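From just these sequences and the hints, can you work out the full model?
Residues per chain, in single letters:
Protein chains: 4
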Amino acid sequence: MCGIVGLVAHEPANQLVYDALLLLQHRGQDSTGIATAEGSIFHSHKTRGQVREAFRTRDMRALLGNMGLGHVRYATKGAASNEQEAQPFYVNAPYGITLIHNGNLTNTRELTSELFHIDRRHLNTNSDTELLVNVLAHELQEQVNGHELDPEQVFAAVTRVHDRVQGSYAAIAMIAGHGLLAFRDPFGIRPLIMGRRPAENGSGRMEWIVASESLVLESAGYEIVRDIAPGEAVFIALDGEMVSKQCHAAPRLVPCSFEYVYLARPDSVMNGISVYDARLRLGNRLADTIAKYAPTGDIDVVMPIPDSSRPAASQVAQKLGIEYREGFYKNRYVGRTFIMPGQAERKRSVRQKLNAMGTEFKGKNILIVDDSIVRGTTSREIVEMARAAGANKVTFTSAAPPVRFPHVYGINMPTRQELIAHDRKIPEIAQVLGADHLIYQEVEDMRSAITEGSSVTDLEMSCFTGDYVTGDVSPEYLSWVEATQLS
Amino acid sequence: MCGIVGLVAHEPANQLVYDALLLLQHRGQDSTGIATAEGSIFHSHKTRGQVREAFRTRDMRALLGNMGLGHVRYATKGAASNEQEAQPFYVNAPYGITLIHNGNLTNTRELTSELFHIDRRHLNTNSDTELLVNVLAHELQEQVNGHELDPEQVFAAVTRVHDRVQGSYAAIAMIAGHGLLAFRDPFGIRPLIMGRRPAENGSGRMEWIVASESLVLESAGYEIVRDIAPGEAVFIALDGEMVSKQCHAAPRLVPCSFEYVYLARPDSVMNGISVYDARLRLGNRLADTIAKYAPTGDIDVVMPIPDSSRPAASQVAQKLGIEYREGFYKNRYVGRTFIMPGQAERKRSVRQKLNAMGTEFKGKNILIVDDSIVRGTTSREIVEMARAAGANKVTFTSAAPPVRFPHVYGINMPTRQELIAHDRKIPEIAQVLGADHLIYQEVEDMRSAITEGSSVTDLEMSCFTGDYVTGDVSPEYLSWVEATQLS
Amino acid sequence: MCGIVGLVAHEPANQLVYDALLLLQHRGQDSTGIATAEGSIFHSHKTRGQVREAFRTRDMRALLGNMGLGHVRYATKGAASNEQEAQPFYVNAPYGITLIHNGNLTNTRELTSELFHIDRRHLNTNSDTELLVNVLAHELQEQVNGHELDPEQVFAAVTRVHDRVQGSYAAIAMIAGHGLLAFRDPFGIRPLIMGRRPAENGSGRMEWIVASESLVLESAGYEIVRDIAPGEAVFIALDGEMVSKQCHAAPRLVPCSFEYVYLARPDSVMNGISVYDARLRLGNRLADTIAKYAPTGDIDVVMPIPDSSRPAASQVAQKLGIEYREGFYKNRYVGRTFIMPGQAERKRSVRQKLNAMGTEFKGKNILIVDDSIVRGTTSREIVEMARAAGANKVTFTSAAPPVRFPHVYGINMPTRQELIAHDRKIPEIAQVLGADHLIYQEVEDMRSAITEGSSVTDLEMSCFTGDYVTGDVSPEYLSWVEATQLS
Amino acid sequence: MCGIVGLVAHEPANQLVYDALLLLQHRGQDSTGIATAEGSIFHSHKTRGQVREAFRTRDMRALLGNMGLGHVRYATKGAASNEQEAQPFYVNAPYGITLIHNGNLTNTRELTSELFHIDRRHLNTNSDTELLVNVLAHELQEQVNGHELDPEQVFAAVTRVHDRVQGSYAAIAMIAGHGLLAFRDPFGIRPLIMGRRPAENGSGRMEWIVASESLVLESAGYEIVRDIAPGEAVFIALDGEMVSKQCHAAPRLVPCSFEYVYLARPDSVMNGISVYDARLRLGNRLADTIAKYAPTGDIDVVMPIPDSSRPAASQVAQKLGIEYREGFYKNRYVGRTFIMPGQAERKRSVRQKLNAMGTEFKGKNILIVDDSIVRGTTSREIVEMARAAGANKVTFTSAAPPVRFPHVYGINMPTRQELIAHDRKIPEIAQVLGADHLIYQEVEDMRSAITEGSSVTDLEMSCFTGDYVTGDVSPEYLSWVEATQLS
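Chains as they are written, first to last, in UniProt numbering: chain A, 1 to 487; chain B, 1 to 487; chain C, 1 to 487; chain D, 1 to 487.
Derived from the structure by calculation, the hints contain no laboratory data. As the structure is a prediction and not an experimental result, all values here were calculated from the model. The C-beta atom is built at its ideal place from N, Cα and C for all residues, glycine as well. Treat the hints loosely; a few may be bogus.
Stated by the list, open to error - Coverage of chain D stretches by chain C, computed from C-beta distances (three or more under 8 Å per stretch; other residues unrestricted):
#1 154 to 160
#2 212 to 225
#3 258 to 271
#4 320 to 333
#5 375 to 384
Laid out in structure tokens, this is it:
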């Protein structure tokens, strides 16, 4: 999970990128990086931690120039401390390219081998971003023999990237001395949206921004132009001239369903769908399913797990005519906190992050609404907390269907064995969770709830269905990914 | 605004205090400090910032010992960077005393003069905590001539402190080699609650904790014993022996209403009143007032300003039978963030912290519920945001009455001139805010909503009424406070 | 070993104290601290490390005021990382006193007990500086009942300090709102010198400085007034008014010989004796002894161990008519450096700090001059290096006599068992060092070489002779000190 | 001025490189960097400051692998804070190359243009190291089409580098997955020496090291193999296999004279010449010149300016039969120290770094020996200090001839206008310095003193003579360099 932003302005880019990253922080808190371009010179700073801890005044002062891009990252397991994998990545030939991306490439083994043996390019990390920038660099080098760089060459290189690279990628790159390039994989799995505003300097020129979520554009006063289309590339020259081109023969929009379920901010509109509205609709559908399968007559209150299931829970409560109560309270200030060395193994109570108010639970039958259930560990602890706080009967519900397969397109997920719904029937899961009842959203309900009223017709839902849209995800690949994660 | 915790354990106190402070972080984010006692040796670390930034592993390792206390602080205006005023404070005679407090003393000028001229004690800061620890130290010194320290002497000293000191104070102190002392001012204005649990080491001894809010106790598995009574002092020896005594002749419980309105966490129970339930009841009363004064027929949605007004807003929606929508989204990750030097004066949009989702506002009549209106600056910006997002009519409501007077008991407030309700009638305020309608909670409704069903009969509500419970707050004092703040 | 400075200026003291500490850095590199007084408010910053690493701009900016003092410290064994023992120390009653000292108290056990049981004062560390400031504070409190502080009271308190405290101490204290106090123990064991200069602000007032070494005064353009006398106290009011008084009935100047042997900078003049000249004279006397006892006919070159034995070695070469060569080179940049955890036990070659140039040793007979031999470890490695570099015969000489007893007056020394000369005859020591010949300075030669031409008649030379000038150093005390150091 | 080291070991390289850099610290204190290779993965850390401040434990832990290189740098004027120019530099194609160098390229303008317009390589800084690594990378890429890398291809690429690049360069590079490359420009202007030792792991393999100075090899127990020859390249494979080749048709050894005058450590042997012995011989020749031109009869003492002129001064004293005294003392602990912002313009007395002992100067005629005179600023202050300390007559002498031309081969020098000897006759210089007499070494004496007894026949002495050995240094170039430095 990552958040990305890139912009071409007519004023210093550092503060603009920084402000945008603060708004994308929910997409990743493990590392962050900003690069800017001052003429053909890049400046960059990347480090561990959240945005507001990562950039000191001296770091910001050094990020000169009017073009810039930034990244926030949720590291994969075990790699949290690997600063070398923080983005952006840079290659110095041809031209100098600095790139960030959100997504996950699925043919990394083939690409690594090609780059090493054929392109003689060195990869210094295991980051697929380093792969992507090297493939792009190599293809761009193939285009540029002898004449000056023009956007058509850039688009030709992106077309080649689409040919060579598989998986999900929403990418933003700066080409030194030339401009900003943004492109999205042919399925548009990960989001990318483009906006513009007139420069404040009165030059009559436009400033452009490309980012993971629309709220970044709204908050900074950009007019939303459109989502970058699947397969499309956009090139914005330093002077603010924008050109775009479809770089794939058969693009098809299949956005990731998890963005709507819990990743994106509710105030974003993504591929034309309001995330908040999608969550309300998920609540409505879930209410119907609950009404069908669960005895709701004796339920006293409906409770969300803050923050992402709140809209769904409030709809469930309203539709079922049951009182809505926020009996769980989430501590805003807990993040990566200190644990005395040697006490790490001592289980840190989930109560550090979530507290159940005794007065709201005592003697009541509770219906809990969560956005999804992945490992089930937290869900089980939540049920325990509810019981410890005095709850009588606990019905647990999930606004998403059972997660049964790995997610390979850029959302961090455990291995199949760790998924509570892998190889388990729903009553078995209920038993593991300790819930009296357990209701999941139906797959088709999720699809229609999210896409209803929009022009989106399909969703990437492989972790619920096992159907991987890119077609190259074999059981052998999944085993390799899991083995790599575990090592 | 501050949060405090102190504990006597039979295992290292550092992690316990740290975990507790994380749960009190909402009471202050400007500075924090921990002190522990290892036998008769104190260790302490205090610095700027939030808990999880302030304590590195090496700092924590140095905090040895089984007794400890900790503090989080919201600094007064202009003093945010004054590390010297971070708590705890230490004096080395008699015995060695380390103290923290939550509250505000109102006779600081008299105390400063007495300490300097009569007690020959040096005050190195303007902190009233330094005053409090010196008064306590002086009074304790008067008690201890010749024989060993016993709790009775400590209680005698606290009695003298009550005589000399005016204002609000919930205080915790460690006396080197002896134990932990906690006491609360005779009106119990600021909260302080006590819990215990058996030691894990199988010794059969008790571990004790004293903290600002009950959720700290619940989260760490302590049994709640009781709120410390107004005027009461509690002394817990290093071995876990607890004794307590009422140290004031005429104590009277008059807790601060602002704790319930917005300061405390909703999952706390304070003076026997659930904060969450109090906020629900505030919503109910507010709904009645709205129904009485405002035309609600054409209102499409009720919206809270997250997070503290959510319970009230949800009750307003339900009671008025209007749809509830969370059209404002709050960014969790914005705190003290970087602003490029020289751009500080450039107004940072409130949108950095709060975003209005266009889809929820367009063409609708909105009823906004906030917890209170102090300066009115944010409220005005919220109204503007709602209109910019396409709202038609905007009704603004406050779950608390108009704030017309300064708060002098430990909650940071602007001067009278900066209070939007100072010397203004409600329609004038509505005009300043740009709202079509403005409805405030009634004072008596607030009192009864908060105290309903509890044994509390009175509340400290001076900023709404101008009646200061300690009796020593003159107009001259208020002018002096305001002048000091402004300088 | 410590270096101290205090000053009363009519401009900001922070830079002045900082610059002085840089010049005293050779007296201690483990921790450092500065305190300043702004009116009656103290500001202070103390931390580990050398001066230029320890104070960042924000630390310096916070050190406001025109009076200040500073300290550099060489920590005793095992205590290097104990930041809590960094000086200065502060007590807040009476008046507020901040104190630093150079030296070592020898009746710490008695003082600790008195302070705890009688004065009810809390000691939070094992630092004898904390003892000293508490004794001074207590005695000052006894003096000041009822009337304003005047210098006579301060001097009376210092007189009492001389009565209660034993050992060596050159101390500087600030009394909040009043001025700067400097005093030296009745034997003047550790150095302290006073200077003055007219204020640059044209006020006609004097600025005063007190420091461990005269070069600090010279470098900053102060006129040297005099060494503070043994037992004397000097008080400089904030306005620059200086008064002084002899506070001991029977003072006697017995300065520490080690200052001249290796601790002080050669460009200092201490108790009227030029350190550089003393070292030249030590060389002359040593040359005579060498000529008497060693066969010098076949020696090819005389070599110093840089830096402190250079003057002596150059005199030895000249007097014996042997060529002088600097065959050992010292690395200026090695300090506390990184050692990969887990490799700490792997012996770090002394060659990191000292290198022997092959070209200067090959086939030659070498006479090495060192300032003194304590543990002998380094001397043995030096002999090995000389041999490895090709030296033929190695004669090792020491400009000081054999160190046979602990030093208890503020110079860090190992226990008796670790002293190479403890219980060993000189030929045995030569054998341990691997030297062909070993010549030590004679005790009486050292005394006369250092004091020659000055009014100083006696020297503190207990580590050579076993005679401790303060009279209270018993074998039981030495054993206790050693046991404490080892734990 | 820079120091470099590279090594191929059979144990972790991080500590080995770190220890070596400590010994090269005198060659640059502004920034430092280490890179290591763990298989084909590079790890690197570079930052401002000295070695022992720059690398924390966590930085060192991340530097994995058995091959490594390191750099210390003395930044050019104005660039001290430019962290981006810290070495090493990395390019990722072909193979991945990490490079450091000591020296200065003189055709940077041509190279920059070629790389940008022809090779399409991006330069992100003004560092000539980035140029060098890109030229090497480009030439290596030309060699490697289709087959695996072998040393011959590497040597062919170095041959091309010699063709394209002008100036001085002693360079060390790691080629990912292959080995370590070291090469020296065809005049061998900057030093580079190679050593080896058997691996400690008992494998029977050799470990190799390449460094700026021989003392690094000696201190770590490496056998000195030889200086890398001018034009030669050495390639050491990961398994310790070493091959070398002369890569230039007409190499000629013309080492920089300044290494011997003051840059190198005296205990180094460089191009077969002992630096210490060279300095002694410079003293001998200078004594002859002094005797010829100056009235020495009334001179009382000869004094060095510590540390580098000490050997020369001691020979001058001995040859002229005048007493030798170290009247100036240098503070070891002053580096980049804090200056209160706003006081920067206030002249910091040179006394902070150097102190003149009054007792050694009073009423005497002094002959001062310095290693060289560049700007003359310090020399003038030294003369002033001597007079202020009471010196009667001051004769100033320089062991090097007048510096009249810029140094363009890697030693930082001011512009011609700032050189005190530029366009001035010696008596005029004496007058500016305030010296009674001024004697410089003769150019031919310097040449013969340094080279005497060695196989070196020529020296790079352009700053004394204006003859630039690389032949491409035109007046236009010098003006461009000066203009660039000043901007």
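Taking the hints in turn, this is what the structure says about them:
no.: 1; hint: 154 to 160; result: violated (count 0)
no.: 2; hint: 212 to 225; result: holds (count 5)
no.: 3; hint: 258 to 271; result: holds (count 4)
no.: 4; hint: 320 to 333; result: holds (count 6)
no.: 5; hint: 375 to 384; result: violated (count 0)
Comparing the model with each earlier hint shows violations of hints 1 and 5; every other hint is respected.
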